[in-house]
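Engineer: Since the structure of chain F is already known, use the hints to place chain Y on it.
Protein sequences appear in the order of chains F and Y.
Residue 1 is where the first sequence starts when you use my numbering, and the numbers rise one by one after that.
Residue 1 is where the second sequence starts when you use my numbering, and the numbers rise one by one after that.
These are computed hints drawn from the structure, not numbers from a lab.
Quick reminder that beta carbons are idealized off the backbone N, C-alpha and C, glycines included.
Incorrect hints may appear among the rest.
Said to hold, decoys possible - Footprint (simulated), chain Y over chain F, 3 or more residues, beta carbon under 8 Å:
id: 1; segment: 193-203
id: 2; segment: 210-218
id: 3; segment: 234-241
id: 4; segment: 249-256
2 protein chains.
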Amino acid sequence: MNEKPPTLGDEIAARISQLGAISETPEYLARVFLTPEHRQAADLILSWMREAGMSAHFDAIGNVCGRYEGDRAGLPCLMLGSHYDTVRDAGKWDGPLGVITAIACVADLNRRGRRLPFAIEIIGFADEEGVRFASTLLGSRAVAGAFDDGVLVARDRDGVSMRDAMVQFGLDPEHIGKAARARRELLGYVELHIEQGPVLEQRGLPVGVVTAISGATRLAASLAGVAGHAGTVPMALRRDALAGAAECIVAIEEFCKRDESGLVGTVGCITALPGATNVIPGKVSFTVDIRAPGDMHRKRAVADVVRRIEAIAERRELALQIDVTHENRSVPCAPWLKSQIADAVTAEGFPVLELASGAGHDGMAMVDITDIGMIFVRCRGGISHNPAEHVDLADADTGARVLLRFIENFRPRNFAT
Amino acid sequence: MNEKPPTLGDEIAARISQLGAISETPEYLARVFLTPEHRQAADLILSWMREAGMSAHFDAIGNVCGRYEGDRAGLPCLMLGSHYDTVRDAGKWDGPLGVITAIACVADLNRRGRRLPFAIEIIGFADEEGVRFASTLLGSRAVAGAFDDGVLVARDRDGVSMRDAMVQFGLDPEHIGKAARARRELLGYVELHIEQGPVLEQRGLPVGVVTAISGATRLAASLAGVAGHAGTVPMALRRDALAGAAECIVAIEEFCKRDESGLVGTVGCITALPGATNVIPGKVSFTVDIRAPGDMHRKRAVADVVRRIEAIAERRELALQIDVTHENRSVPCAPWLKSQIADAVTAEGFPVLELASGAGHDGMAMVDITDIGMIFVRCRGGISHNPAEHVDLADADTGARVLLRFIENFRPRNFAT
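Okay, chain F solo, but in the shape it has when bound:
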């Protein structure tokens, strides 16, 4: 028999499918924090870790943790990972790709008996999406020692508190602190993740180097005018809240389009009341989501957008209420990690494309205890959080080879070159 040996990509794609079959329902993929599926997926990942030559355990918050010792025991580690929970009706790649790829890299080192002058740890975070308790990054916050105990009283849609769910799952809510890691144990945290956007595909590249996880500001705006009969109120006498909101939406889009450094602005929700074909809308509410790689950049943009909305409301004599409902600072990737990732990309024969991550990731929590870096892998159509989420086998393989090369060439920050 003379078969072509399986690539890292083959192995990864097979495991993505295996993990993707663990779901609360066969109808769609949903793997949520502190459920039987959580446990089942954890057991599978732990087995893969051990098979790759790692010691592995389930931590106090439900993360899966594997350790591959360096050339002597007890060295600080390069931590790799991502999350293994999903949204509801999810794709199979968002999260698991980072965990499975890291395991494939370590398995490769292990097969070759290769030990490095640092340990490698792989972590699969138990809850990044925040589906069950509407609070994201639970796994990585615990590891970063920043878990907020207040979340334990949050309840899921069945009224079960996180505290009770942990106990039922077999975890002790009093011991979450045990999941926390110390800064000195970590050399850095590097996550490989699907891009969840269309930029790599548009540029024809399998991988990209992340510059920062963009900060985000969310606004809730409402405009109040005067409802009226669609036939009897002349155009000049109207105070149409929806026409006002439409002007705001166009202005937000125009403003963000003019920016050339990664600013994005989205109006995702809109409600017009009373909402009848023959009635001029008297009240309209809409959301605005603004993200930029830099905090100053975003804050200036938010201020500009708010000013534009205010001016439109004033000119149209609409009462405006506008509030910030959510704000996340930007998290930059460490330049030294970025440059080592870029070197690996180049060595694999691809041009280096730097891009910001508009979506949130576990690095936002991990940055509290270590420097972070991220590798993006192209996903088809930029689609994620959707069963249509897809990564080509060749791209999964390229991602793994970049990560493996990055690991093998990794020099800790204070390593004298």
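Structural biologist: Relative to chain F, chain Y alone:
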């Protein structure tokens, strides 16, 4: 005792309140077709008609009909009227003002023993709003001989068909045709109604002369782009259906505002999917309601609006579906009636303001058998279909004096001057 005699306005306002108390619930005003309230209101109006010296009867569709003979019996009639059904959570004035004012005018003629060279008939239409069976102008269509028997199978929200409701009410659905009137019996139909818009108030006038009941076209539009993550899709790669819809809404408003002959365009409903703060909307549906006093004018406007929406969709690469869901032709008021109404307004000492009716009225059905005219009375803030609907007593009085003068000076169309 030397009291100031009550004005027509006093009498009208008192009866408006009396009729406004007849409702399916004390919580709000709702008087719907073929209900006990319908019957109770009819009996009250019939009693007022008889008190005013008229013969009065309940017709085959549930309209109330009163006749005040002219200087000899059996003459063709000038028909006056409006409707006495209401929307739910209605105001007291929309409809009843026209019926009650006409009765007040006849009562005044009767008190003075004044007979005219034509009969006067007053009709209170049983269903103009179409609340119960979602089909409007039922009363006037029956009188015009244009009742559509297909409506008899329509069901109300409790599942009762109109046919069964008529039988339960004591009317014979087979005899609706008996409500129809012949063209030769009528000299014209003139309706006094609240404006339901803010134009008279803005001009500081108690009454106005209606030029036409505007035709209306309703469109249902939907734009499909690509949903995506609000953080990960750069502005330049988006196909945001809501941004596209917003541009359409702004364009519709701009287009209608530039028109100076009564065109109005309204987007009353909008839905953006999936409707999450952090997701670019992939699909947006909205309605467009376009009205103009003239049909050519409206049709040209609809074509222009559709062209603009198509151009926006094409430029943004959004799939567009746009359909006409409703179309009503414009109904002009007869110039000879308009001019006699204008003469009455002038004689009462007010400037003549001509304006189109953007709302629909029973004249839209009556025009099938006779010429129509309308008098608008100012209503506070242009508000109607709302408990806040209000007409000042002085304006109700002015409306009545204009109508009375119009009646007394009325010359049928073929009357040689």
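Engineer: Which earlier hints can't be squared with this structure?
Structural biologist: none
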